[in-house]
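S.K.: In order, the protein sequence lines correspond to chains D and R. In my numbering, each residue carries its 1-based index in the first sequence increased by 4. In my numbering, each residue carries its 1-based index in the second sequence increased by 5.
Keep in mind that a hint or two might mislead.
With beta-carbon atoms standing in for the labels, derived distance ranges [claimed, not checked]:
1. 19(D) with 488(R): 52 to 62 angstroms
2. 112(D) with 461(R): 26 to 36 angstroms
3. 19(D) with 7(R): 28 to 38 angstroms
4. 56(D) with 499(R): 45 to 55 angstroms
5. 133(D) with 9(R): 15 to 25 angstroms
6. 91(D) with 480(R): 45 to 55 angstroms
Derived DSS-like pairs: lysine-lysine, alpha-carbon spacing no greater than 27 angstroms straight-line [said to hold, decoys possible]:
7. 156(R) with 101(D)
8. 114(D) with 125(R)
9. 112(D) with 14(R)
10. 135(R) with 68(R)
11. 109(D) with 135(R)
12. 131(D) with 14(R)
13. 114(D) with 512(R)
14. 152(R) with 136(D)
15. 136(D) with 187(R)
16. 109(D) with 187(R)
17. 156(R) with 136(D)
18. 125(R) with 135(D)
19. 68(R) with 79(D)
20. 79(D) with 156(R)
21. 413(R) with 22(D)
22. 10(R) with 131(D)
23. 115(D) with 10(R)
24. 139(R) with 187(R)
25. 416(R) with 135(D)
26. 416(R) with 109(D)
27. 134(D) with 512(R)
28. 336(R) with 299(R)
29. 135(D) with 413(R)
30. 115(D) with 14(R)
31. 134(D) with 187(R)
Hints were generated in silico from the structure; no laboratory data involved. The structure presented is a predicted model; accordingly, all values stated were derived computationally and were not measured. Ideal Cβ positions, reconstructed from N, Cα and C, are used throughout, including at glycine.
Listed below are the residues making up each chain.
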Amino acid sequence: MLKWTDISYAYPNSSEIKFPNAVIENGSENLIIGPSGCGKSTLMNIIAGLIQPDRGSVFFDNEDIFSLNIAQRDKFRGQKMGIIFQSAHFMQSLTLKENMRLSQKLGKAKKGSTEIDRVLEMVGLEKHVKKKLSEMSVGEQQRASIARAVLSEPSVILADEPTSALDDKNCLSVLNLLRSIAKEYESSLLIITHDQRLKGEVESKIELA
Amino acid sequence: MNPLKLAWKNLIHNRLRSLLSLVLFATGVAIILTLVLTGEQLSENLKKNRAGVDMVVSAPGSKIQMILSSVYHIDNPTGNVDLDEVAFLFKNPTIDAYPISLGDNYKGIRIVGTDKRYIKLYGGQISKGKLWDKELQAVIGSEVAKKHKLKVGDKITGSHGLVAGNQDSHDEHPYTIVGILKPTHSVIDKLILCHFASVWKVHEGHDHSHGGHDHNHGGHSHDHGSHSHSDHNHAAHNHKSHDHQHGDHSDHDHAEHDHNHEGHEHNTHKHDDGSHDGHNHSSHEEDNEEETPKEKARRLAKEKAKENARKKLKDQGLKAKSHEILKYTKKNKSITAVLVNINGSQAINFLPRHLDTKEGVDYAMVEYETGRLYPLVEPGVAIVKWIAIFIVIISAFSIWISLFQSLKERKYELALLRVMGGTQFQLFLVVLLEGLLLSLLGFLAGFLIAHGITHYLGIGMAMDYNIEMTGWYFSPKEWSVFFGAIALGFIAAIIPSVLATRINIPKTLANK
Numbered sequence: 005m006l007k008w009t010d011i012s013y014a015y016p017n018s019s020e021i022k023f024p025n026a027v028i029e030n031g032s033e034n035l036i037i038g039p040s041g042c043g044k045s046t047l048m049n050i051i052a053g054l055i056q057p058d059r060g061s062v063f064f065d066n067e068d069i070f071s072l073n074i075a076q077r078d079k080f081r082g083q084k085m086g087i088i089f090q091s092a093h094f095m096q097s098l099t100l101k102e103n104m105r106l107s108q109k110l111g112k113a114k115k116g117s118t119e120i121d122r123v124l125e126m127v128g129l130e131k132h133v134k135k136k137l138s139e140m141s142v143g144e145q146q147r148a149s150i151a152r153a154v155l156s157e158p159s160v161i162l163a164d165e166p167t168s169a170l171d172d173k174n175c176l177s178v179l180n181l182l183r184s185i186a187k188e189y190e191s192s193l194l195i196i197t198h199d200q201r202l203k204g205e206v207e208s209k210i211e212l213a
Numbered sequence: 006m007n008p009l010k011l012a013w014k015n016l017i018h019n020r021l022r023s024l025l026s027l028v029l030f031a032t033g034v035a036i037i038l039t040l041v042l043t044g045e046q047l048s049e050n051l052k053k054n055r056a057g058v059d060m061v062v063s064a065p066g067s068k069i070q071m072i073l074s075s076v077y078h079i080d081n082p083t084g085n086v087d088l089d090e091v092a093f094l095f096k097n098p099t100i101d102a103y104p105i106s107l108g109d110n111y112k113g114i115r116i117v118g119t120d121k122r123y124i125k126l127y128g129g130q131i132s133k134g135k136l137w138d139k140e141l142q143a144v145i146g147s148e149v150a151k152k153h154k155l156k157v158g159d160k161i162t163g164s165h166g167l168v169a170g171n172q173d174s175h176d177e178h179p180y181t182i183v184g185i186l187k188p189t190h191s192v193i194d195k196l197i198l199c200h201f202a203s204v205w206k207v208h209e210g211h212d213h214s215h216g217g218h219d220h221n222h223g224g225h226s227h228d229h230g231s232h233s234h235s236d237h238n239h240a241a242h243n244h245k246s247h248d249h250q251h252g253d254h255s256d257h258d259h260a261e262h263d264h265n266h267e268g269h270e271h272n273t274h275k276h277d278d279g280s281h282d283g284h285n286h287s288s289h290e291e292d293n294e295e296e297t298p299k300e301k302a303r304r305l306a307k308e309k310a311k312e313n314a315r316k317k318l319k320d321q322g323l324k325a326k327s328h329e330i331l332k333y334t335k336k337n338k339s340i341t342a343v344l345v346n347i348n349g350s351q352a353i354n355f356l357p358r359h360l361d362t363k364e365g366v367d368y369a370m371v372e373y374e375t376g377r378l379y380p381l382v383e384p385g386v387a388i389v390k391w392i393a394i395f396i397v398i399i400s401a402f403s404i405w406i407s408l409f410q411s412l413k414e415r416k417y418e419l420a421l422l423r424v425m426g427g428t429q430f431q432l433f434l435v436v437l438l439e440g441l442l443l444s445l446l447g448f449l450a451g452f453l454i455a456h457g458i459t460h461y462l463g464i465g466m467a468m469d470y471n472i473e474m475t476g477w478y479f480s481p482k483e484w485s486v487f488f489g490a491i492a493l494g495f496i497a498a499i500i501p502s503v504l505a506t507r508i509n510i511p512k513t514l515a516n517k
């Protein structure tokens, strides 16, 4: 279970942003929605332990992640969270499969190489294992980043604006892929977006103003 | 995550940039290591080939040439010396003297007339056959046997001169190979050795200096001393009853050697010896009416000094040596040079002064003369070394720039690594290992190039300079260069590595 309480954060020369408290149950689907500039990405970075909030706490299975030192937090994130960015980032010097393997190793995943093949098949990239990411389309890269997020066998999948740049058809397709893959790995799904199309698709919502 | 694998993959990914740093680094390392490898082997070779020889006594000429020709067997000799003039060297009990007679070659390999002790001087041992026991028998060095596929029992014919190609060969006096030496990794591996009398035998009847026959030894001529002077036949002289004409024998040193005047008495014969300076016949009166008082005083002082020297030797219980070559004195024989090992004795004090008084004889102190060469060579070597160090430093800069550039381009990847669970230390390691890998690979490439160049140079040196040099030689100094190279790689990579740990992840990923 993931929960955060009384979180606030102020960028230099900006006013403080206060975030509503929330509890994310294991295996649940959640949406953090709000307009651009409301602090969605800031909240995601705080939940992921990448930014230390000015106040408040983030608990992961009752463990305050900010009580950990930086190195412990990095490892914790790698093992417990799968993060999907709006733009896909990969190691350019590695092939698709090597990128997947790197995620597994950093996340200390228990499953091995065959799991990579299985997940890549799930996202339809089984024929691209030896390709460098620069040789793949943006859509393929997006699917690859979804695959990578689950290969560390995380408790929570954090997806930052996964559908914003997609048309309706592909928006729904990516959402379904995220759902199925989260279900497969029994992970909680937390989508952070301003995409109003998802509002009606996900039941549990945290709205930021 | 394996940081080494990741660093390697990244180097491969940026192969052109990596290659530039690598080539620069390897070039610098290769130059430094080549200087180390060639310098050490050259110095070791010179030391080994010198074999403790302190002095070379030969005909007047370039002192370096005397050393190069008679010790290292590289250059041509300065000429020959009259055996009688240098015989005293073979008698002195405090020094070791080795005769060297040059003049002929077999397919470019020098035939050296000497005695068996010369082989021992280089630690030579017989591998097959035996040492010579008479004239016209030869013992060959291991490399000679290998190169020309010679074996015991084979006959070889020498040609005039010290370089191959001379058609004037001694077909009537072939040498029989009686022994092959074990490898010594010194100059004797590349020589054909024989009894010094063999050289005289081969040249019997060849009047090279008096018959107008010049030997082409690279531009100068010499005589082999096998020609006969009818007025020099001491063995047949009856000194009791005739006047002794010494011609140009200017310095018979009776204080330091025994005269072998077979059967004649000095106390009764009379010397007509106007130019016979220093002839100390202590028991008879010199017939020297033209001697001025000043000259007489000088002569007497010299005689006294020599008498003292003789006495000193006697006091020390040392007796004059009996060397085989002394049998050939007074027979108008000449040799190319005498190698002298002073053995740290007092002879160092009087030998040079004494040799200065000899006609047609000069000497070179090996350490002193070769020491004079270093200041000529050292600035050149130092310049090359500093250029190499400069190249290595430039290449370290190249690595530094390359890593900075790489850091700039890969900051998203590095941020991603942190998001996926990579620690700051792992990021530090990835970037640091890239720098270290570049310097390690640069060193390895430079190492291979340096050993390759040294090996190639060695082939040329062996053929032209009797110097053994190989690419399989490894110097402890290479470790210093290795650690220096790794340290440079480390220094070049440390700042980019630290910067890699300080990447602002959210900001970096948001700016993509």
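S.K.: If a hint holds in the structure, say so; if it does not, say that too.
M.R.: Hints, verified against the model:
1. 19(D) with 488(R): 52 to 62 angstroms: holds, 56 angstroms
2. 112(D) with 461(R): 26 to 36 angstroms: For residue 112(D) and residue 461(R) the Cβ distance comes to about 52 angstroms; the hint is violated.
3. 19(D) with 7(R): 28 to 38 angstroms: Violated - the Cβ-Cβ distance for residue 19(D) and residue 7(R), about 45 angstroms, lies outside 28 to 38 angstroms.
4. 56(D) with 499(R): 45 to 55 angstroms: violated, 27 angstroms
5. 133(D) with 9(R): 15 to 25 angstroms: holds, 23 angstroms
6. 91(D) with 480(R): 45 to 55 angstroms: holds, 54 angstroms
7. 156(R) with 101(D): violated, 66 angstroms
8. 114(D) with 125(R): Given pair residue 114(D), residue 125(R) is violated - Cα atoms ~73 angstroms apart, limit 27 angstroms.
9. 112(D) with 14(R): Judged against 27 angstroms, a Cα distance of about 21 angstroms means the pair holds.
10. 135(R) with 68(R): violated, 35 angstroms
11. 109(D) with 135(R): Distance ~72 angstroms between residue 109(D) and residue 135(R) Cα, so the pair is violated.
12. 131(D) with 14(R): Measuring from Cα to Cα gives roughly 22 angstroms; hence the hint holds.
13. 114(D) with 512(R): violated, 32 angstroms
14. 152(R) with 136(D): Violated: residue 152(R) and residue 136(D) sit about 57 angstroms apart, past 27 angstroms.
15. 136(D) with 187(R): Violated, at roughly 61 angstroms.
16. 109(D) with 187(R): violated, 61 angstroms
17. 156(R) with 136(D): violated, 66 angstroms
18. 125(R) with 135(D): violated, 70 angstroms
19. 68(R) with 79(D): Distance of about 76 angstroms is beyond 27 angstroms: violated.
20. 79(D) with 156(R): violated, 75 angstroms
21. 413(R) with 22(D): violated, 34 angstroms
22. 10(R) with 131(D): holds, 24 angstroms
23. 115(D) with 10(R): This hinted pair holds, its Cα atoms lying about 21 angstroms apart.
24. 139(R) with 187(R): Holds - the C-alpha atoms of residue 187(R) and residue 139(R) are around 21 angstroms apart, at most 27 angstroms.
25. 416(R) with 135(D): Distance of about 22 angstroms is within 27 angstroms: holds.
26. 416(R) with 109(D): holds, 20 angstroms
27. 134(D) with 512(R): Distance ~31 angstroms between residue 134(D) and residue 512(R) Cα, so the pair is violated.
28. 336(R) with 299(R): The given pair, whose Cα atoms are some 35 angstroms apart, is violated under the 27 angstroms limit.
29. 135(D) with 413(R): holds, 24 angstroms
30. 115(D) with 14(R): holds, 24 angstroms
31. 134(D) with 187(R): violated, 60 angstroms
Consistency with the previously given hints fails for numbers 2, 3, 4, 7, 8, 10, 11, 13, 14, 15, 16, 17, 18, 19, 20, 21, 27, 28 and 31, ordered from lowest to highest.
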